[in-house]
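Number of protein chains: 2
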Amino acid sequence: MFFEGSEKKAEIIIDPSFGSLLELPVSFWENIVGLAKADILSSIDNEHCTAYLLSESSLFVWQHKVVILTCGLSTLIDSICALIDTVGSPNILGVTYQRKNEYLAHLQNSTFEQDIQVLRQKVPGSACRIGHLDTHHHYIFTSHSSVALPYQDNRYELLMYHISGPIAQYLTTADQSIEKIAQLLQLDKLFNGFQLDAHLFNPCGYSVNGIKGDEYFTIHITPQEKSSYVSIETNVDLHLQPINITAKLLALLQPQSWDIKAFNSDIQTGEIPENICLGHCFYSLKQGYNIQFSHYQQICSEVLTPEFM
Amino acid sequence: MFFEGSEKKAEIIIDPSFGSLLELPVSFWENIVGLAKADILSSIDNEHCTAYLLSESSLFVWQHKVVILTCGLSTLIDSICALIDTVGSPNILGVTYQRKNEYLAHLQNSTFEQDIQVLRQKVPGSACRIGHLDTHHHYIFTSHSSVALPYQDNRYELLMYHISGPIAQYLTTADQSIEKIAQLLQLDKLFNGFQLDAHLFNPCGYSVNGIKGDEYFTIHITPQEKSSYVSIETNVDLHLQPINITAKLLALLQPQSWDIKAFNSDIQTGEIPENICLGHCFYSLKQGYNIQFSHYQQICSEVLTPEFM
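For the record, the sequence lines run as chains A and B.
For the first sequence, counting from 1, position 271 maps to 271 in the numbering used here; every step adds exactly one.
For the second sequence, counting from 1, position 44 maps to 44 in the numbering used here; every step adds exactly one.
Just so you know, the hints here were simulated from the structure itself, not pulled from any lab data.
Any given hint might turn out to be false.
Copies of the same chain are indistinguishable here, so a pair counts whether it falls within one copy or spans any two.
[Said to hold, decoys possible] Quick list of in silico lysine-lysine cross-link-like pairs, DSBU-like style, CA-CA up to 35 Å:
(1) Lys180 <-> Lys286
(2) Lys286 <-> Lys226
(3) Lys248 <-> Lys122
(4) Lys189 <-> Lys122
(5) Lys226 <-> Lys122
(6) Lys248 <-> Lys180
(7) Lys180 <-> Lys122
(8) Lys37 <-> Lys226
(9) Lys212 <-> Lys180
(10) Lys226 <-> Lys180
Hey, can you work out the whole structure from these sequences and the hints?
This is the structure in structure tokens:
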């Protein structure tokens, strides 16, 4: 019973002169996600965003931006390349592409290094690994951009490993419900007023997308006991929220270890379970990104240096 | 500049009725290690043991026991199978086969899981992983044995990652010498009275075998800056030594993290650098092995459960 929950992630920002991505038909996105070996299961939308729930995570489409996450053995790089080809490289303002070390990297269809060889044929960019190879590490490609990005692009990711406690236990039981999981995770408090779209996988696994205006969040749970993984990603400004979302989720899901990646955002601290920060990194890219990565374990701290490749 | 220092290791104990392994010619062992993609570089011997220094680590041969370690992209499983075939499965009293998570597992020619599928066709046995997939973990196969092993079989391994400090720096310089490294590592104090056989690799890397009576130790150093790794393995009874070998090597090489594996041996504590034990495991096998595994990082502790496969 193993499933690789760890996601490959991309954000693509296009030049408004291309037109609105929201006007592209569902069939277009079906084709795009199909290239990653994923299917569209359902969608929700508002005037700013369409959020697709995928068989392998999530796709968010705004007028001039796409965020896509795919897990398992998906081949996200193929989707990214097809999307860049459709929009045309000159219309690409920015691309970030990320991978986190997988539990079973040798099963993946490609390595990050191979992915960026392909990607660099479409858009020039820099890539690095943050963290040592023998522990939690994070790969990121960011395209070189000659123009300023059109708005503040922020993103916050909390990745939790080896969850425990009553909610973790519930998530592996046979008779779960979407409603009960939303209630256990207190989604109405954490993301008040968000329109939700959730899916339960068989035999286990849970995904939820949420949108409100141009804000989004997405949570994916791989509850399998020996390789459990929960990811949350959002562009919500966490410091404007009445609740410490990081602390709350850590308290609820009680992971053995967790990572936080923050793009143009601060890492939420305070009220979080007793922990050691095994490694942390802060660096700035000339494209306007401030990136932070920290790796924590339950119950000191190495400054990691980005290793550019 | 990457080299996979992490070793695959095997110990094979044979029935004395087969005869003495020391009587097999060097050409036999050349062929055995050749199957793992390694070459014999040099050797030393005494009346109990012949120690071969390999292009990819070490081979120790006693009358009725073999210990072999190979690193890089070596295919140790092929050597093990050929040796079992030569001796004959009924003459095998015990086999242990181990792998530690590699820095770049996807480059390996086989996974541990694949290896033991092959091995189990020769000798039945149990296999497990100790440690979570997303951090330091250790795989071990131990053969089922219907007879008691002929003597107390003990082994101690200290695996050091991301070494630092003056000795680490010296180990990456161009003009190293075997004598200077032995002096820096204080080998004459740590292993007093041992006959030594050492080799310096190009552009860097150091191996040394030592034997005294039926005791052995071997140290392999992969000093490459972003993926440095130093292993030491010995059957010396550490508690009978005038010096704490673990503490001394940790102080000299200043690793960011380290693992200790002990077979029928206690983990040396005391006087070691300030650290956290991120995970530890103790378990007993009915074949008569008590196995301990602990993973430490510089400056609490999870009890890990063996996951049998």
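Each hint tested on the structure:
| no. | hint | in the structure |
| --- | --- | --- |
| 1 | Lys180 <-> Lys286 | neither (44 Å within a copy, 45 Å between copies) |
| 2 | Lys286 <-> Lys226 | between (40 Å within a copy, 25 Å between copies) |
| 3 | Lys248 <-> Lys122 | neither (40 Å within a copy, 52 Å between copies) |
| 4 | Lys189 <-> Lys122 | neither (42 Å within a copy, 59 Å between copies) |
| 5 | Lys226 <-> Lys122 | between (38 Å within a copy, 29 Å between copies) |
| 6 | Lys248 <-> Lys180 | within (17 Å within a copy, 55 Å between copies) |
| 7 | Lys180 <-> Lys122 | neither (44 Å within a copy, 51 Å between copies) |
| 8 | Lys37 <-> Lys226 | both (25 Å within a copy, 34 Å between copies) |
| 9 | Lys212 <-> Lys180 | within (22 Å within a copy, 66 Å between copies) |
| 10 | Lys226 <-> Lys180 | within (23 Å within a copy, 46 Å between copies) |
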